[in-house]
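Between the sequences and the hints, there should be enough to build the whole structure, so can you do that?
Protein sequence lines, in the order shown, are assigned to chains D and G. Going by this note's numbering, the letters in the first sequence line up with residues 421 to 590, in that order. Going by this note's numbering, the letters in the second sequence line up with residues 92 to 272, in that order.
Treat the hints loosely; a few may be bogus.
Each pair of labels, with its calculated beta carbon distance range [stated by the list, open to error]:
id, chain 1, residue 1, chain 2, residue 2, range
1, G, Arg183, D, Arg450, 57 to 63 Å
2, D, Thr443, G, Arg215, 24 to 30 Å
3, G, Asp111, D, Thr496, 31 to 37 Å
4, D, Thr496, G, Leu177, 32 to 38 Å
5, D, Ala499, G, Ala189, 27 to 33 Å
Below are the EDC-like pairs computed for lysine to aspartate or glutamate, each with C-alpha atoms no more than 20 Å apart in a straight line [to be verified]:
id, chain 1, residue 1, chain 2, residue 2
6, G, Lys264, D, Glu453
7, D, Lys473, G, Asp109
8, G, Lys258, D, Glu471
9, G, Lys167, G, Asp188
10, G, Lys167, G, Asp226
11, G, Lys265, D, Glu453
12, D, Lys473, G, Asp226
13, G, Lys265, D, Glu427
14, G, Lys148, D, Glu471
15, G, Lys180, G, Glu238
16, G, Lys152, G, Glu140
17, G, Lys180, G, Asp136
18, G, Lys264, D, Glu446
19, G, Lys264, G, Asp226
20, G, Lys264, D, Glu471
21, G, Lys242, D, Glu453
22, D, Lys473, G, Glu140
23, D, Lys473, G, Glu246
24, G, Lys258, D, Glu447
25, G, Lys242, D, Glu471
26, G, Lys264, G, Glu246
27, G, Lys148, G, Asp136
28, D, Lys473, G, Glu238
Think of the hints as simulated: they come from the structure by calculation, not from any bench. Note that beta-carbon positions come from the ideal geometry of N, C-alpha and C, so glycine has one too.
Listed here are the chains, written in short residue letters.
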Amino acid sequence: MKDRESESLGELLRRFMDAPAATAAEEDIRAGEQILNAWPAPVPCDRALDELKLRMIATARRRRRSLRLLRGSLATAAAVVVVALVGLLGRGPADRPGVAFASIIPTAVWESDDIGADDFDLAYFTSEVQRIEAQMQALEEGETEVGVDNAAVEIEMELMQIVETEFWKG
Amino acid sequence: MGRRVELARIIDGCKSGDADSFAQVVDMYASRCYGYFYRLTGDRDLSDELLSELFVKLVEKIGSYKGGAFESWLFKIASNIFHDHLRGKQRRKKLLDARRAELELEPDLNEPRRSDDSGEKLDRLQTHLSRLDADTRDLIMLRFYSELSFKEIAELRSEPIGTALSKLHRGLKKLRELMEG
Numbered sequence: 421m422k423d424r425e426s427e428s429l430g431e432l433l434r435r436f437m438d439a440p441a442a443t444a445a446e447e448d449i450r451a452g453e454q455i456l457n458a459w460p461a462p463v464p465c466d467r468a469l470d471e472l473k474l475r476m477i478a479t480a481r482r483r484r485r486s487l488r489l490l491r492g493s494l495a496t497a498a499a500v501v502v503v504a505l506v507g508l509l510g511r512g513p514a515d516r517p518g519v520a521f522a523s524i525i526p527t528a529v530w531e532s533d534d535i536g537a538d539d540f541d542l543a544y545f546t547s548e549v550q551r552i553e554a555q556m557q558a559l560e561e562g563e564t565e566v567g568v569d570n571a572a573v574e575i576e577m578e579l580m581q582i583v584e585t586e587f588w589k590g
Numbered sequence: 092m093g094r095r096v097e098l099a100r101i102i103d104g105c106k107s108g109d110a111d112s113f114a115q116v117v118d119m120y121a122s123r124c125y126g127y128f129y130r131l132t133g134d135r136d137l138s139d140e141l142l143s144e145l146f147v148k149l150v151e152k153i154g155s156y157k158g159g160a161f162e163s164w165l166f167k168i169a170s171n172i173f174h175d176h177l178r179g180k181q182r183r184k185k186l187l188d189a190r191r192a193e194l195e196l197e198p199d200l201n202e203p204r205r206s207d208d209s210g211e212k213l214d215r216l217q218t219h220l221s222r223l224d225a226d227t228r229d230l231i232m233l234r235f236y237s238e239l240s241f242k243e244i245a246e247l248r249s250e251p252i253g254t255a256l257s258k259l260h261r262g263l264k265k266l267r268e269l270m271e272g
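In structure tokens:
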């Protein structure tokens, strides 16, 4: 508005057209603006303006409330992040448990979900061990089965077969 | 100088959510903004709606006002609101046209809104203004109601000052011819 007061329409027009054209254009503009002045637009009614003022106040309050909520949420989120970071980074190596774990069950069996197959392998393994134990005992006692001259070799082969099945891998 | 200082105080008040400052800014600018909307739409109810939208936006955006001509800032928002309304109206018109084509009715809704629609009596100026294209009408009203300089108006509309000047001259000349004719 201050700019408008200092702005000379004539000078401005002369920047874009010659002097006579600028003068005519200035006259047209002034005459047009006089018409607009002569025909004022209606004004808003007082009731509408009062309602508008109330609406503005309500909007401002709502915005302030939203901002407060947002700030509160951000503060809570920041606190949670800080607590989590302290929990994670604040624990020294001394706090960590130094217990080592080991299992007597083969890992493949431990990790396997196939209980039926695992049980079958264990039962087979147990029976084989028991049979070999019995044969070893017989050998030690000098009792050999009839027709079997190389019982020790046969036991060794059976052991190798068991190993080859790799039953512990599941 | 005093007026500028007073306006700066009111704007600070608005920024801090002061009810009296909101009331003052409405008292200072509502009539001009209402006139701007009314001359662009020719509809009092719609002008009330747009005015309300403008001042609610003012509350929401006042924090982003960083100085300079307040009128320029305010009328930029007013102009955007009017153009949003215009785009919405064009969308509705397209839908209406499509519906009318379906119903095979006579195309009698292309006429600009007249006084009969809202029961209002439009003045002669309003009738002739509706014969100007929307952009020229907007420019004329912006110049008249915002009371900004051409330089500020050109900046507000993001167009060269010569273009704004030329459009305004042609528009006002045509309006004068229509009013005198």
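These are the hints, each one checked on the structure:
1. Arg183/G to Arg450/D: 57 to 63 Å: The hint (57 to 63 Å, Cβ to Cβ) is violated, given that Arg183/G and Arg450/D are roughly 38 Å apart.
2. Thr443/D to Arg215/G: 24 to 30 Å: Hint holds: Cβ distance 28 Å, inside 24 to 30 Å.
3. Asp111/G to Thr496/D: 31 to 37 Å: Given a distance of about 35 Å, which is inside 31 to 37 Å, the answer is holds.
4. Thr496/D to Leu177/G: 32 to 38 Å: 44 Å, violated
5. Ala499/D to Ala189/G: 27 to 33 Å: Violated - the Cβ-Cβ distance for Ala499/D and Ala189/G, about 55 Å, lies outside 27 to 33 Å.
6. Lys264/G to Glu453/D: Roughly 10 Å separates the two Cα atoms, so the pair holds.
7. Lys473/D to Asp109/G: With a Cα-Cα distance of about 11 Å, the restraint between Lys473/D and Asp109/G holds, given a limit of 20 Å.
8. Lys258/G to Glu471/D: Not OK: Lys258/G and Glu471/D at ~37 Å, beyond 20 Å, violated.
9. Lys167/G to Asp188/G: Between Lys167/G and Asp188/G the Cα gap is close to 31 Å, so the pair fails against 20 Å, i.e. violated.
10. Lys167/G to Asp226/G: 14 Å, holds
11. Lys265/G to Glu453/D: It holds: about 12 Å lies between the C-alpha atoms, which stays within 20 Å.
12. Lys473/D to Asp226/G: The hint is violated at about 30 Å.
13. Lys265/G to Glu427/D: It is violated: about 24 Å lies between the C-alpha atoms, which goes past 20 Å.
14. Lys148/G to Glu471/D: Within the cut-off at roughly 15 Å; holds.
15. Lys180/G to Glu238/G: With a Cα-Cα distance of about 28 Å, the restraint between Lys180/G and Glu238/G is violated, given a limit of 20 Å.
16. Lys152/G to Glu140/G: 18 Å, holds
17. Lys180/G to Asp136/G: Roughly 15 Å between the alpha carbons, so the hint for Lys180/G and Asp136/G holds.
18. Lys264/G to Glu446/D: 10 Å, holds
19. Lys264/G to Asp226/G: 15 Å, holds
20. Lys264/G to Glu471/D: 39 Å, violated
21. Lys242/G to Glu453/D: Holds. Lys242/G to Glu453/D sits at ~18 Å (cutoff 20 Å).
22. Lys473/D to Glu140/G: 13 Å, holds
23. Lys473/D to Glu246/G: 30 Å, violated
24. Lys258/G to Glu447/D: This hinted pair holds, its Cα atoms lying about 15 Å apart.
25. Lys242/G to Glu471/D: 35 Å, violated
26. Lys264/G to Glu246/G: Distance of about 23 Å is beyond 20 Å: violated.
27. Lys148/G to Asp136/G: 18 Å, holds
28. Lys473/D to Glu238/G: Measuring from Cα to Cα gives roughly 24 Å; hence the hint is violated.
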